[in-house]
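K.L.:
Place chain B on chain V using the hints.
One line per chain: the protein sequences are V and B, in this order. For reference, each letter of the first sequence is one residue, going 136 to 627 in my numbering. For reference, each letter of the second sequence is one residue, going 136 to 627 in my numbering.
Calculated from the structure, these hints are not laboratory results. Since the model is a prediction, treat every value here as computed from it, not as a measurement. Treat each hint with caution, since some may be false.
It does not matter which identical chain is meant; a pair holds if it fits inside one copy or across any two.
Straight line, CA to CA, 25 Å or less: simulated SDA-like cross-link-like pairs of lysine to any residue [claimed, not checked]:
id	residue 1	residue 2
1	LYS562	TYR266
2	LYS479	LYS562
3	LYS505	ARG608
4	LYS357	ALA617
5	LYS151	PRO250
6	LYS551	THR329
7	LYS151	VAL251
8	LYS621	ALA362
9	LYS558	ARG236
10	LYS342	ARG620
Protein chains: 2
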Amino acid sequence: MAKDKKPRRPKAETPKGFRDYFGAEVAERNHMLGQIAEVYHLYGYDPLETSAVETVEALGKFLPDVDRPNEGVFAWEEDGDWLALRYDLTAPLARVAAQFRNDLPNPYRRYAMGPVWRNEKPGPGRYRQFYQCDADTVGAPSVAADAEICSMLSDTLERVGIPRGDYLVRINNRKVLNGVLEAVGLNPAEDQATADAVLRTIDKFDKVGADGVRQLLTTGRKDQSGAFIDGVGLGDAVADTVLAFMQAKGADAAATIASLREVVAGSPTGATGVDELEQIGALLAAQGYGPDRTEIDPSVVRGLGYYTGPVFEAELTFEIMDAKGRPQQFGSVAGGGRYDDLVKRFTGQAVPATGVSIGVDRLLAALRAKGRMDGIAQGPVIVTVMDRNRMADYQAMVGELRNAGIRAEVYLGNPKNFGNQLKYADKRLSPVAVIEGEDEAARGVVQVKDLVLGAKIAESASLEEWKSQPAQREIPRGDLVAEIRKMLRQEG
Amino acid sequence: MAKDKKPRRPKAETPKGFRDYFGAEVAERNHMLGQIAEVYHLYGYDPLETSAVETVEALGKFLPDVDRPNEGVFAWEEDGDWLALRYDLTAPLARVAAQFRNDLPNPYRRYAMGPVWRNEKPGPGRYRQFYQCDADTVGAPSVAADAEICSMLSDTLERVGIPRGDYLVRINNRKVLNGVLEAVGLNPAEDQATADAVLRTIDKFDKVGADGVRQLLTTGRKDQSGAFIDGVGLGDAVADTVLAFMQAKGADAAATIASLREVVAGSPTGATGVDELEQIGALLAAQGYGPDRTEIDPSVVRGLGYYTGPVFEAELTFEIMDAKGRPQQFGSVAGGGRYDDLVKRFTGQAVPATGVSIGVDRLLAALRAKGRMDGIAQGPVIVTVMDRNRMADYQAMVGELRNAGIRAEVYLGNPKNFGNQLKYADKRLSPVAVIEGEDEAARGVVQVKDLVLGAKIAESASLEEWKSQPAQREIPRGDLVAEIRKMLRQEG
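Just chain V, with the same shape it has in the complex (with noise of 0.2 Å):
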């Protein structure tokens, strides 16, 4: 006989590593993301929506030795086919340009916004589903492209409320550091693994400064905890140059173009690579995105192996206070640069291809320390329910207040308990709660409720300010709307 098994319960929790977004959080992504879309749009951008699931083969993650795909992504087995979420919304994008070459338009200007997916171990912070919002241009062999994605990001920041000063548009060329190596005798095109070494390597400079980088550079280095890294094996000389090349950055533009003309003196990429960045730098000045908004940065090195020529990095130079009190520079929230050979693993054929991606966690972030976020979700107001025999009448308000573009609803949950209702509406954030019993009715008057006023006083008020400034106030029935209104205006 079958035990009599009692059925176990579901547990209601999101897998590791994944979380859910709530009221303000989702309104004020949505907000920002909604300003950046504008600029793009303004800009010639078209919105691109790729689905969230690819093939394995198209995202490029495919182990040819394990029967499973690289642990970077989730992916499984669906009908023979290798099927994943996508890791970044760049890989689609060469995957559609790709596809679909002979119907877009060339150049092909687009920009995306949504969820990518990360099977990594999660952390503090760092979730395994997480919002990108690129935009790209595919096509466009010109620097001017490069040039208007840095114009672009600029009048992006500035939109959703990063004040012209605090932030930078941060602009180098991977051509000028292949040309350091060229000039020092390396080869990039044909040591691959060395040109990623010292980009590794450089891009520590932050953290471990000049004499750190000179070290890994050629023998090694001891790190803090007493451990051994080992070094790029490049000799003093070479370290000496491609150091120079980090610190070229002179007192303008025209200074840093000169010091990087020295530094890669023979190469001929070097060459193309500082004439690339003089001409970005021209074509970004005559529109007015001068040295308070971009700059040409040789200390900019972008992580991904990809690039091939320009990069780029959005930092946000004003102070936060850190979890500590102290205070330290907000830095990076948006990259990117020009990659010429993303699409050619679909098609043979190389396709100049130039973007950026923001961070929206980082910049949401920014935007919240900046109070740039307040007020983007107020709570509604609350019609409050005295009279469950009432409730058309309390309907009827709320449509009022709605039909004036107010946010209102009528409380939904047990009326018995009225306590239970204001503590509901401080909750929601309420900024007003509408009270009309039996004796209100038959008067023509309801009471209106300050919900922040009365929050403010029951903090601070002294009893006197409390009599003259009362939270609560009766007034007619017709005039709702109108209070509200004025209530609401003095609070926004």
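P.N.:
Below, chain B alone, put in the same frame as chain V:
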């Protein structure tokens, strides 16, 4: 020796059943969802964004007999847990309502918009990823919550552009159907299988008519292909009562309610159901949502088994032409109802809930059919490149246009072939092209080419008209923004 294998290129393809959405498609959907969110916000609903990935356990689709979850979802094993892409927005809401029951306001009004995934066989117009847009109230037992959903649905349809008279929110109640079954001696609580079979059968009313439903409820029916469909096995008198219920709609709400009372006579469940319908009707009427917008209609069934009380459906009542040019009713674009048992799966305690889901693709199709989406996604003004060295000037022009809020871009492809630039403008649906060569620059003028007018003239104009209405004209460089604004206004 290893063979020298040429690496195979990946296929640039979406997985089977998935698709990409471009430009206007994305813009139109976002525009509509933004308007819907405005109405939901006004009603006090808060956005909720859950992750795309849930545990299979929380979704509740796991079949215990197989080592792989239900084929209806995309699922995979991760560190011993089965994860899956959500197949709707209601299951994640039930999980959230259980997981955060101590923190959320009660009642909890939330809306959610986003993609869901179904591992089903794709077909024409049927994709494995599509949008849903839901609003639900969790924790409100009163039918005032159901009435609110109906009035909000009505407001939403008008907000997105379906005029009053072109839609109807039809309301029924599962309790009335259960009452009908009770009235004829069945017990739906004990014989769920029969109740479900009746539900599925009467859902076919539109297809097979009253006689067909009668046959299917009793002894069975031969369909058009000659195949015999087994009947539910009810007696004739029972079938008559069910049909009387479905056809109980009277000349007005009062008449419908009176008919329903007769049909469910003797059933307490049925009586409660009719009372609820009467209350919903009264609340809606008091708020002005009368018979021109809402109606009690006993023929509304809504397939899903989990509804426990009021059910509703928004139908568009205007005709559109089908693929063969025949007029047909547009039909249902949204539906929902009360489901009091979904959260119970997790907590063991019944939690009242009611909500609505809008068919995003169907509503979009309706708005496109009504011409409501025209002009949402206008192409950019294209500044052509006649002289590569004047790129900064061209960039200055688009900068001025954008500052005036006009979507504009410089052509960034290879500028050698001017015809290609105009073809590009055509593909972008550009309203205006700007042309400035060396000669124009020297004289301080630019050429503006009205591409919309140009297309019209090319289609239909006589030589006389061509001459009197030139699509291309010369204007002072300083008038660029003002002139283009004028041209766009004429076309908008």
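K.L.:
Please sort LYS621 with ALA362 into within, between, both or neither, judging by C-alpha distance up to 25 Å.
P.N.:
neither (66 Å within a copy, 69 Å between copies)
K.L.:
Checking LYS505 and ARG608: alpha-carbon separation at most 25 Å within a copy, between copies, both or neither?
P.N.:
Close neither inside one copy (35 Å) nor across copies (48 Å); limit 25 Å.
K.L.:
Evaluate LYS479 and LYS562 at a C-alpha cut-off of 25 Å and name the case that applies: within, between, both or neither.
P.N.:
Between copies only: 24 Å across, 54 Å inside.
K.L.:
Can you give me the call for LYS558 and ARG236, within, between, both or neither, at a CA distance of at most 25 Å?
P.N.:
between (58 Å within a copy, 15 Å between copies)
K.L.:
Are the CA atoms of LYS151 and PRO250 at most 25 Å apart within a copy, between copies, both, or neither?
P.N.:
both (17 Å within a copy, 21 Å between copies)
K.L.:
Within a copy, between copies, both or neither: where do LYS151 and VAL251 come within 25 Å Cα-Cα?
P.N.:
both (16 Å within a copy, 20 Å between copies)
K.L.:
Checking an output row: LYS357 and ALA617, CA cutoff 25 Å. Within, between, both or neither?
P.N.:
neither (71 Å within a copy, 65 Å between copies)
K.L.:
For the identical chains here, do LYS562 and TYR266 meet the 25 Å Cα criterion within one copy, between copies, both, or neither?
P.N.:
neither (28 Å within a copy, 30 Å between copies)
K.L.:
Classify it for me, LYS551 with THR329: is the Cα-Cα distance of at most 25 Å met within a copy, between copies, both or neither?
P.N.:
neither (74 Å within a copy, 39 Å between copies)
K.L.:
With identical chains treated as interchangeable, where does the CA-CA distance between LYS342 and ARG620 reach 25 Å or less: within a copy, between copies, both, or neither?
P.N.:
Intra 53 Å, inter 51 Å, cutoff 25 Å: neither.
Figure legend: structure checked against the earlier numbered hints; hints not met, in rising order: 1, 3, 4, 6, 8, 10.
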